[in-house]
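> Each chain, written out:
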Amino acid sequence: NAGVTQTPKFQVLKTGQSMTLQCAQDMNHEYMSWYRQDPGMGLRLIHYSVGAGITDQGEVPNGYNVSRSTTEDFPLRLLSAAPSQTSVYFCASRRARGPLMNTEAFFGQGTRLTVV
Amino acid sequence: AQSVTQPDIHITVSEGASLELRCNYSYGATPYLFWYVQSPGQGLQLLLKYFSGDTLVQGIKGFEAEFKRSQSSFNLRKPSVHWSDAAEYFCAVGVLAGNNRKLIWGLGTSLAVNP
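Protein chains in written order, with the numbering used here: chain S, 1 to 116; chain L, 1001 to 1115.
Hints are computed from structural coordinates only; laboratory data are not their basis. Heads up, the beta-carbon is just placed ideally off N, CA and C, and yes, glycines get one too. Accuracy of the hints is not assured; some may be wrong.
Stretch-level coverage of chain S by chain L, calculated; a stretch enters the list once three of its residues show a Cβ under 8 Å from a Cβ in chain L [stated by the list, open to error]:
(1) 37-43
(2) 61-69
Distance condition first, Cα-Cα at most 30 Å in a straight line; then the derived DSS-like pairs of lysine-lysine [stated by the list, open to error]:
(3) L:Lys1061 / L:Lys1049
(4) S:Lys9 / L:Lys1068
(5) L:Lys1049 / S:Lys14
(6) L:Lys1061 / S:Lys9
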């Protein structure tokens, strides 16, 4: 059972470049989310999804797009990278329905992104 | 406003000493409460959680936490710290948001362990 898998683990981008951070989970979780982690600021929610075809903004959505075409995958797209997006990005998933809903979030290993 | 406060940004303890990490929250209803640990370069791993029932909950790696409603607290404890416990610890609160719950995160407490 792989859990939540994020790729790549490390990435360096030039300002203005685009890229997609991949996130996949094999636990059939309805809820998936993307966070960024910056020193002294904890975890901040970027976007989340409560199921395939449904996405919504978190607290820091600007500069990021998401889509959820399948239950398993929740990619995060940076259309035009900026130095302010240098951060560590975490994908997480959890149950959103049934008796185990909201019981635990499972995290990927993170993607360390540097924008120069 | 809903919030989670971890008052201690950084704590240093000696190996074998006891540990208590503080977490206070602001939320009008009964929350879901979580403690996560993040080892360097790793993702977050759940240590323990509280939803209802016994207010003293046991977690992995010898950790426990106690929910005190009157103090809006959910402090994490360990009686004897090991060097491998050095990590970042996050408290989170699950609050109702429509038909689901959203997680509100504390800013974390960094734990260093002296040999």
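> Each of the hints needs a verdict: does it hold here or not?
Okay, the hints, checked on the actual structure:
no., hint, result
1, 37-43, "holds (count 4)"
2, 61-69, "violated (count 0)"
3, L:Lys1061 / L:Lys1049, "holds (14 Å)"
4, S:Lys9 / L:Lys1068, "violated (39 Å)"
5, L:Lys1049 / S:Lys14, "violated (41 Å)"
6, L:Lys1061 / S:Lys9, "holds (27 Å)"
Checked against the numbered hints above, the structure violates hints 2, 4 and 5; every other hint is satisfied.
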